[in-house]
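J.: Put the two chains together into one complex, using the hints given.
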Amino acid sequence: MDIILTSFTDLLAPTTLLIIFVASVVGIILGAIPGLSGGLGVALLLPLSFGMDPHVGLAMLIAIWVGGTSGAMIGSILLGIPGSPSAIATTFDGYPMTKNGEAVRALGAAIVASFIGTVFSIVIAMFLSRALADLALKLGPWEYFSLGFCAISLVAALSRESVFHGLAAAAFGLLLSTVGFAPIDGYPRFTFGSLYLSSGIDLIALMLGLFAIKQVVTEFARGSKPVPRVDTSSIQGFGVSLKDFTSNAFNMLRSFTIGLWIGFLPGMGAGLSNMVAYAYAKNSSKHPEKFGKGCIDGVFASETANNASVGGSLIPMVALGIPGDGTTAILLGGLMIHGIQAGPLLFTNNPDIVYALFLTALISAVMILFVQFFGMRLFPAILRIPYHYLYPAIVVLCFVGVFVGAGTEFNFIILLGFAAIGLAMDWARLPVSPFLLAFILGPMLESNLRKGFTYTNDGVWPFFTRPISGLLLATALLTIVWPYAKAGWKTWRANAAAAVSK
Amino acid sequence: MTRDIFLGAFTILVGVAGALLTAQVPSSTFTDDPGPHLFPYFACAMLVLCGCGIMATGFRRAGVASQAEGFMSPGDWARSAILMGVFALYGIALWLVGFHLATPTMTFVFYAAIAGRRKFSLWRGAIYALLTYGALYLLFVWFLRSYLPEGLLF
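Which chain is which? The protein sequence lines are A and B, in order. Just add 1230 to wherever you are in the first sequence, counting from 1, and you've got the numbering used here. Just add 230 to wherever you are in the second sequence, counting from 1, and you've got the numbering used here.
Chain B on its own, in the form it takes in the complex (with noise of 0.2 Å):
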């Protein structure tokens, strides 16, 4: 199966990349104490063995198809791609403008996205916008008094 042939050789490769960057982190060992190395070289050897496991498993298999060659189809991934840059454009709304503006915008945004042309109603995702942000400003600010992004340019 070529996609475990890969993965394996990823985590191989992650694995050795792990151990390299372990070697540049400083330490100084008192007593027996191994020291802070020890415990990110047993991940990494464990990465690289059982990449090598997970690749002769896939060359073992190879040719045989499995349920994960099915996963997405490039339309899903090019979709799942589209949807989190929405949701990376809330995040940075959120560092930018903060809570108060960021969130009915985006949580409008989210809707008209998720709803697409067949289901979007502007009025409806107008309140439905308004009641999530005047849900969440309750819970957060009146309930648990919590401290909510106010924005970097505000």
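So here's chain A without its partners, still in its complex pose (with noise of 0.2 Å):
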């Protein structure tokens, strides 16, 4: 406890007070803009970390990280494009919110969601990070490749037209996702000979070809009606009522579950639980056809799990000395360029940094609370710019990060490919995300698949009977039969009423 405070006391310095404001402020600018995260601000800052103090230096690049995780969810709801792929479920109902003239209440779940998503989950990492790190190396790659399916299948049943259209989608994802070279062995796949294709499909190029240019080109064509005026002046507190908050309390804590579990498995992250979440809110919802057309409680459970999983995404990486996500990699070579080991003995050799980050996480979640809570009465001025003006700055952004992120050119045609093919799913009525959850989930699937095959000699089996496995893949296979077994359910007792009163 005495460490705690001593580093609680240590950051209450004005000077590093003000550089977690600022990061802060910076990752939630990050996070906002389609193209950048605030994953790429910790990468970009990284190198300014070097020559601080430890503790300063890792309190700035996990400030930019949070805010960035919180800040995703502006774009997603006042346009319609996903900062980052964390948001991407938030787009589903935040945008249909706004354009309904209910931005502020949407922005106003998204930040209070965020906000408990982070301090519950930073909290639970303080206090569980050893025995839920535990937890994780029990599973092998069995649960993993399980876990990924299961979570596809998911998405994939929320398809609007059937689960073959929602699985198709998953599929093109999947079989997207081994371009490039293959896992374990590096056989290339799919590269006709491109060195560009080697490392596979840049996924920020082609999630801002799909949200992003898709709605510039769309919006343009049919000509895009004026979003409702928002009044900002008469909003109360965050604009969201009492009810929608109790109404909500078991969906957050459903979604705070998923984050967090999600967050913590390594390999996964935000960019998942949100749509884990945002299917589970879908299916036990009663009132599920509310969903994507401005239903709230899609926003809560989005926000409240991508924010969970930065708790949960901290845990291995700092009990186990393995990231979660990508973003938490880089924070890890931050630890070890600093002359700091994570993993197991992290705790009895520098428990002051592993306090350190988890408390800046905690100032730094407060402090968004008190900048997006004041921010909100202007985010919504962005709708007010007339499309002439916000469509151009989107474009050219976008063209601009997506070549920022990789240092090549080659990210135009794949941003412009998938603008095409967004356009084309939409008119085909596959949906995006099953597509996109499938892309993003792709090499992790395979490479558990591999070695589940590898690691035993009973080939296929252990994905069946090992229990947490076989518990999700029957989760998955009961996810995609459900809809016509509950149709051929409702037919058979019309049947057997029908011919009971004859």
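The reader is advised that the hints may include incorrect statements.
[Stated by the list, open to error] Derived EDC-like pairs (lysine to aspartate or glutamate); straight-line CA-CA distance at most 20 Å:
no.: 1; chain 1: A; residue 1: Lys1523; chain 2: A; residue 2: Asp1582
no.: 2; chain 1: B; residue 1: Lys349; chain 2: A; residue 2: Asp1474
no.: 3; chain 1: A; residue 1: Lys1523; chain 2: A; residue 2: Asp1656
no.: 4; chain 1: A; residue 1: Lys1516; chain 2: A; residue 2: Asp1474
no.: 5; chain 1: A; residue 1: Lys1329; chain 2: A; residue 2: Asp1582
no.: 6; chain 1: A; residue 1: Lys1720; chain 2: A; residue 2: Glu1519
no.: 7; chain 1: A; residue 1: Lys1716; chain 2: A; residue 2: Glu1519
no.: 8; chain 1: A; residue 1: Lys1681; chain 2: B; residue 2: Asp263
no.: 9; chain 1: A; residue 1: Lys1681; chain 2: B; residue 2: Asp262
Note that these hints are calculated values from the structure, not bench results. Because the structure is a prediction, the values reported are computed rather than measured.
T.: Shown next, in the form of structure tokens:
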């Protein structure tokens, strides 16, 4: 407890607090801009931390990351363009809410959900890191594969058309994720001799093509309707009613658990948790038909889960030295550059650093809450910008952003190619979310599928016979079969009732 | 629904083509590793199965109008294609002449294309293009210290 207090006092130094504040604001801005993210901010500012005291340098990086995760929802809600993969599901209901004139309510829900997700996940990470990390070590490739497959099935089942449409979109995503060098043996696949394709398809370019460019093109082609004007002068508190919170208490608790759990599994993170939490929220809702049309439950689910992954992904990084996602991998590098070895001994050798990391995230979350509380009165001003000013800036930003991320003009082809694919998918009514989720999870699924085969001599069986893996695969199967079983049951009951009445 | 029948057929076609391409991937298996073919085959099998399912759904719903039928009019598609062409031009310009020339010029072109004749203003457009260029330059070069496209010709 003394170490926690000492770390907390150190962080309260005015210079450190100022750095955390500025870094949090920079994170929010980077998160909100399509193509950039808090993760990119961490990577770009990592060299700047070298000359700093480790506590201050790491505090700066953590604050950018937390700010970026929270800020990603701004673009999702106001423009329908997710700032980063962690806020994709926020777009599904956040943007329709904006179109319905409820931008402030959506922003308020997202801000509070982000805060709750971050704070509680950090507190849990702070006190239960070791125990949870031990649990993660007990899971093998069979469980990781089954969890990923279950997540894809859940999201695919949300397809408005049929489960086949959702699963087909997921299969397209899985196939595209295999472009480039194969895991384990490194054989090139579907590269057609191109050096640019050897490392696979760039996720940021794909995401911006599917969401940002496609949306600009669609709105331009159809002649978009103006978004209702938002009156920010009459906003009270966070613009969300107490009833919204109470009716979503269980939804938030479930989404928090999903976010924390997915966050602490190595290789997964906020990019997955927001979609899984959204899928669960819709599947278990009493009014699933309202989802996708501006239902606040979807915003609560997505934003609670993606921010809960912040604390979740710190757990394996701190306790095992295994990064939970891409950003924690960079943070791990930052720790190593400062001569700090993450892993089981970190709690013994550098407890001050461990608690400084967690406390920074907490302080940053509080600062972000205040910044966004006042900012939510200003953010909707973006909606007043005429499209002929807003869209060119977004397009230029996307092009420059995808270049900066990978340093190659080849990404322009990916950006435009996936905008065209997005249009074709809309035409064919193929849902984007299972496609994107499968593309993100593809490499992890393949790697674990192949490891699962090589670790034992039992072939495919351990995937079904290991309890957790089997349960997850059964859930996936049930999710796929359920809509047809339910329809069949209803028809059978109707026929039976008709026969009785005759 | 004709669209589903077409989509189902296309999905099956991609699945089969993907499987044929997968067969050409070189490999040498060791221990019990199934090799680099397994996962693409798994995805292709899913595509073929789902394609059949979508086609069956399409035949079952044949004649039933769907919301998708009215996704975009031929005029909308033409406007989409024109805008995509302008975006492609920006990509080519960035590649050939670099950020400093391509961005202000093409931002102005995007502005003109999206504003249309009714909302277009030469001076506003020019100032807007220069401001956007300046803001991006500050963000990426001054603040993020990033490397921007320099152009093949310069």
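J.: Is A:Lys1523 within 20 Å of A:Asp1656, Cα to Cα?
T.: holds (16 Å)
J.: What's the verdict on A:Lys1716 and A:Glu1519, does the C-alpha distance respect the 20 Å limit or exceed it?
T.: holds (16 Å)
J.: Is A:Lys1516 within 20 Å of A:Asp1474, Cα to Cα?
T.: Roughly 15 Å separates the two Cα atoms, so the pair holds.
J.: Straight-line Cα separation of A:Lys1681 and B:Asp262 no greater than 20 Å?
T.: holds (9 Å)
J.: Check the hint pairing A:Lys1681 with B:Asp263 against an upper bound of 20 Å on the C-alpha distance.
T.: Since the Cα atoms of A:Lys1681 and B:Asp263 sit roughly 7 Å apart, the hinted pair holds (cutoff 20 Å).
J.: Given the hinted pair B:Lys349 and A:Asp1474, is their alpha-carbon gap at most 20 Å?
T.: Violated - the C-alpha atoms of A:Asp1474 and B:Lys349 are around 41 Å apart, more than 20 Å.
J.: Quickly compare the C-alpha distance for A:Lys1329 and A:Asp1582 to 20 Å and report which way the hint goes.
T.: Roughly 47 Å between the alpha carbons, so the hint for A:Lys1329 and A:Asp1582 is violated.
J.: Is A:Lys1720 within 20 Å of A:Glu1519, Cα to Cα?
T.: holds (18 Å)
J.: Given the hint that A:Lys1523 pairs with A:Asp1582, test it: the Cα-Cα distance must not exceed 20 Å.
T.: Since the Cα atoms of A:Lys1523 and A:Asp1582 sit roughly 47 Å apart, the hinted pair is violated (cutoff 20 Å).
When each numbered hint is compared with the structure, violations occur for hints 1, 2, 5.
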